[in-house]
Amino acid sequence: MAKHATPLLDELEKGPWPSFVTDLKQQAATKPECWDILGQLELSYKDRITHWKHGGIVGVFGYGGGIVGRYSDVPTRFPGVEHFHTVRIAQPSGLYYSTENLRALMDLWEKYGSGVTNMHGSTGDMIFLGTRTENLEPLFWDLTHDLKQDLGGSGSNLRTPSCCLGNSRCEWACYDAQELCNSLTQRYQDEIHRPAFPYKFKFKFSGCPNDCVAAIARSDFAVIGTWKDNIRIDQAAVQKYIANDPEYPANAGAYKGRDWGKFDIQKEVIKLCPTNCMWMEGNELKIDDSECTRCMHCIMSCRAPFVLERSKALPSASAPRPRSLMAPSSPPWSFRSSKSMPKMISRTSLI
Amino acid sequence: MGYDPKNPMEGRITDLGPRYYGDFLPPVIKENKGKWLYHEILEPGILVHVAESGAKVYTVRCGSARLLTVNRIRVYCDIADKYCGGYLRFTTRNNVEFMVDSKEKLEALKAGLQGCKDILPIGGTGACVTNIVHTQGWIHCHTPATDASGPVKAVMDDLFEYFGSMKLPAQVRIALACCLNMCGAVHASDIAILGIHRKPPMIDNDRITGVCEIPLAIASCPLGAVKPAKATNSAGEDVKSVKVNAERCMFCGNCYTMCPAMPLADPEGDGIAILVGGKVSNSKSAPKFSKLVVPFLPNTTPRWPETVDCVRQILVAYAKDAKKYERLGEWAERIGWEKFFEKTGLPFTEKSIDDYRLAYDTWRTTTQFKFTSHTAAYTK
Numbered sequence: 000m001a002k003h004a005t006p007l008l009d010e011l012e013k014g015p016w017p018s019f020v021t022d023l024k025q026q027a028a029t030k031p032e033c034w035d036i037l038g039q040l041e042l043s044y045k046d047r048i049t050h051w052k053h054g055g056i057v058g059v060f061g062y063g064g065g066i067v068g069r070y071s072d073v074p075t076r077f078p079g080v081e082h083f084h085t086v087r088i089a090q091p092s093g094l095y096y097s098t099e100n101l102r103a104l105m106d107l108w109e110k111y112g113s114g115v116t117n118m119h120g121s122t123g124d125m126i127f128l129g130t131r132t133e134n135l136e137p138l139f140w141d142l143t144h145d146l147k148q149d150l151g152g153s154g155s156n157l158r159t160p161s162c163c164l165g166n167s168r169c170e171w172a173c174y175d176a177q178e179l180c181n182s183l184t185q186r187y188q189d190e191i192h193r194p195a196f197p198y199k200f201k202f203k204f205s206g207c208p209n210d211c212v213a214a215i216a217r218s219d220f221a222v223i224g225t226w227k228d229n230i231r232i233d234q235a236a237v238q239k240y241i242a243n244d245p246e247y248p249a250n251a252g253a254y255k256g257r258d259w260g261k262f263d264i265q266k267e268v269i270k271l272c273p274t275n276c277m278w279m280e281g282n283e284l285k286i287d288d289s290e291c292t293r294c295m296h297c298i299m300s301c302r303a304p305f306v307l308e309r310s311k312a313l314p315s316a317s318a319p320r321p322r323s324l325m326a327p328s329s330p331p332w333s334f335r336s337s338k339s340m341p342k343m344i345s346r347t348s349l350i
Numbered sequence: 000m001g002y003d004p005k006n007p008m009e010g011r012i013t014d015l016g017p018r019y020y021g022d023f024l025p026p027v028i029k030e031n032k033g034k035w036l037y038h039e040i041l042e043p044g045i046l047v048h049v050a051e052s053g054a055k056v057y058t059v060r061c062g063s064a065r066l067l068t069v070n071r072i073r074v075y076c077d078i079a080d081k082y083c084g085g086y087l088r089f090t091t092r093n094n095v096e097f098m099v100d101s102k103e104k105l106e107a108l109k110a111g112l113q114g115c116k117d118i119l120p121i122g123g124t125g126a127c128v129t130n131i132v133h134t135q136g137w138i139h140c141h142t143p144a145t146d147a148s149g150p151v152k153a154v155m156d157d158l159f160e161y162f163g164s165m166k167l168p169a170q171v172r173i174a175l176a177c178c179l180n181m182c183g184a185v186h187a188s189d190i191a192i193l194g195i196h197r198k199p200p201m202i203d204n205d206r207i208t209g210v211c212e213i214p215l216a217i218a219s220c221p222l223g224a225v226k227p228a229k230a231t232n233s234a235g236e237d238v239k240s241v242k243v244n245a246e247r248c249m250f251c252g253n254c255y256t257m258c259p260a261m262p263l264a265d266p267e268g269d270g271i272a273i274l275v276g277g278k279v280s281n282s283k284s285a286p287k288f289s290k291l292v293v294p295f296l297p298n299t300t301p302r303w304p305e306t307v308d309c310v311r312q313i314l315v316a317y318a319k320d321a322k323k324y325e326r327l328g329e330w331a332e333r334i335g336w337e338k339f340f341e342k343t344g345l346p347f348t349e350k351s352i353d354d355y356r357l358a359y360d361t362w363r364t365t366t367q368f369k370f371t372s373h374t375a376a377y378t379k
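Residue numbers (numbering that gives the first Met the number 0), protein chains in the order written: chain A, 0 to 350; chain B, 0 to 379.
Bound-form chain A, shown alone (with noise of 0.2 Å):
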């Protein structure tokens, strides 16, 4: 039975994208403070505003950071959300869990808060959204001693770094971003839990120039794999990507939703390299590798010919070594449009 009508937001159940206003109301049947984040939703889809009040210090003794205070500005009317504290909970680097570690969280924070949550924040932690003051502790106790897991960064302090799955499943990392990532968050706990910084700063880990976690974009430092040494080629899996095998799909199958015509070599790998490094010559595929800038388009349009890190156990040619780039960025860039414009990191040493 619904506390408050939502007229508004049901007109969001409709349609075929997973609805989270249909998500929040089968969850009220359990945790009935949903009720009342609709019903504050609600009111703010009817008056185009927020009804959050700005700010409130909460949080657990010894840790500046990890949670967001978070008060609502018509608690009588919706009394579930008074409190609406943000915790944030640290990730594993790469973002995957076993089910037994979610369900225990997903517990956790069904016995101590609103049961939302976002998979994940935009920094990367993982957020539960949504409780009470007098909760925080005994969440805290239970997260450090039952599921030895610790609360991510925010304010003033490092935030939780994050980084792309790396080489976990990706044939293009040049370095072990996971790892990086984890060793690093592992060496900063201090600094992640207690700002001491001006404001706040952050690590992202991308495993190549592709940057699936944009890095480059939204971090204060950001580390982005390339690698030195040539570009192997073979020679073979050109020819089958010249003949267009059904085994050898351009792209990965990247673009197979539309007739693009067969895959032309020449046309959409040799021309559009931004260098003009490649080149045929009869049947050889070469490449300059003393032109070439890593921008991958080659590598991700024929998978076999063109390899970034390989084992010994591959029997054409030699590996090339993958290094990583290591971009500090010298004034504190931010992404932030307030005070300044935005900013891109730019490279300032190879390591």
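Calculated from the structure, these hints are not laboratory results. A few of these clues could be false.
As the list claims (entries may be wrong) - SDA-like, lysine to any residue: derived pairs with alpha carbons at most 25 Å apart:
hint, chain 1, residue 1, chain 2, residue 2
1, B, K369, B, F347
2, A, K266, B, D320
3, A, K227, B, E51
Said to hold, decoys possible - Reference excerpt, derived from the structure (chain A facing chain B, CB under 10 Å, subset only):
hint, residue
4, F19
5, G112
6, V212
7, R217
8, Q238
9, K239
Stated by the list, open to error - Derived DEER-like restraints, expressed as beta-carbon distance ranges:
hint, chain 1, residue 1, chain 2, residue 2, range
10, A, K52, B, V315, 39 to 47 Å
11, B, D3, A, I56, 22 to 30 Å
12, A, T75, B, N232, 18 to 26 Å
13, A, K147, B, K34, 28 to 36 Å
14, B, T361, A, K110, 49 to 57 Å
Yeah, the Cβ is synthetic: ideal placement off N, Cα and C, and Gly gets one too.
Following the hints, put chain B in place on chain A, whose structure we already have.
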């Protein structure tokens, strides 16, 4: 035992950090980490990665609302337990991925997911519109200029055909940030939906003394628009306050972050700006920023039809006109931005012109432009 409020520091554990990722990898991932040879997208949303050992991992990628209850996450867990040996993962764009190690298990998983299409649509791979990266909006944030989950739902409903297919010239990354604090970091997206305020802060003289440090509020303004001032509160008392030079204000909201008595959210003033053409990948062209193309669209709840239509208008023009592999920004740069406005049918406004004092660095310094419908007013 548990937390004892009488002895809060007793038995406390801190600084554990995240759980080690290695404990959560499915066996086929763990065994082949760092040894993947190649991958292929078998059909929209379904990938296979092949390792040196010959091992394969099949992944089914599904969309999610990001705002998820424990109920729904348990449904994800049920699926992972039934078909995937008890493991799953999320992507950096809020999709959820289910992984199995054989073709047979893949078929079983796909059949199982058929039954929950309404909560786990399959797609988000290759030349598609994948899930929208977004922020909190009115569900949790105190500074938003628009909602996040609502507009995202409305836009993804409208673009649903592009999520489950791979027929675009390249991938199109859409992102939403509900104000220009940019927690969504939309500024390097193919299409960016950005909440903006359009009115200067309103000063609450009853609260400013209690909740603000006046010098901090003054220093917070990048344009020097906030000045100290004497004011009278509602009780008729003189208070130290600030005044805002509205002509200078660019509605960035930094003063409100520093001083809660300077709110600038307003139902009529707040809305959405659209920026396009950004990317983070280094493929072919360098990473680049999105550029402002639509300065304002209203917050028309509950389904933001103006925003939905605008995003579709841009996407359809791009899909029709761009060459294979061209990202939206690469297409706009090839045809020229004046042509971009003509082809998308968007009006061009002076808001797209950089008015920064060093803007002569960014204005065009050639006569190599195109005469389009949008230059007609000056050139006919």
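Evaluation of the provided hints:
1. With a CA separation close to 14 Å, the supplied pair K369 (chain B) and F347 (chain B) stays within the 25 Å bound.
2. Using a Cα cut-off of 25 Å, the hinted pair K266 (chain A) and D320 (chain B) holds, with the two alpha carbons roughly 18 Å apart.
3. Restraint check for K227 (chain A) and E51 (chain B): satisfied, since their Cα atoms lie roughly 22 Å apart, inside the 25 Å limit.
4. Evaluation of the F19 (chain A) hint against chain B yields a held restraint, the C-beta minimum of about 4 Å falling below 10 Å.
5. For G112 (chain A), the suggested interface contact is upheld, since its CB lies about 9 Å from the closest CB of chain B, less than 10 Å.
6. Contact between V212 (chain A) and chain B, as hinted, is supported at the beta carbon level, the nearest pair being about 5 Å apart and thus within 10 Å.
7. For R217 (chain A), the shortest C-beta to C-beta distance to chain B is roughly 4 Å, which falls under 10 Å, so the interface hint holds.
8. A cut of 10 Å between beta carbons decides the hint on Q238 (chain A): the least distance to chain B is about 17 Å, and the hint is violated.
9. Residue-level restraint check for K239 (chain A) is violated (minimum Cβ-Cβ distance to chain B is 13 Å; threshold 10 Å).
10. Between K52 (chain A) and V315 (chain B) the beta carbon distance is about 41 Å. The supplied range of 39 to 47 Å therefore holds.
11. The hinted window of 22 to 30 Å between D3 (chain B) and I56 (chain A) holds, with their beta carbons roughly 23 Å apart.
12. Taking 18 to 26 Å as the suggested C-beta distance range, the pair T75 (chain A) and N232 (chain B) conforms, at roughly 24 Å.
13. About 29 Å separates the C-beta atoms of K147 (chain A) and K34 (chain B), a value consistent with the hinted range of 28 to 36 Å.
14. A beta carbon spacing of about 54 Å between T361 (chain B) and K110 (chain A) agrees with the range 49 to 57 Å that was offered as a hint.
Of the numbered hints listed earlier, those contradicted by the structure are 8, 9.
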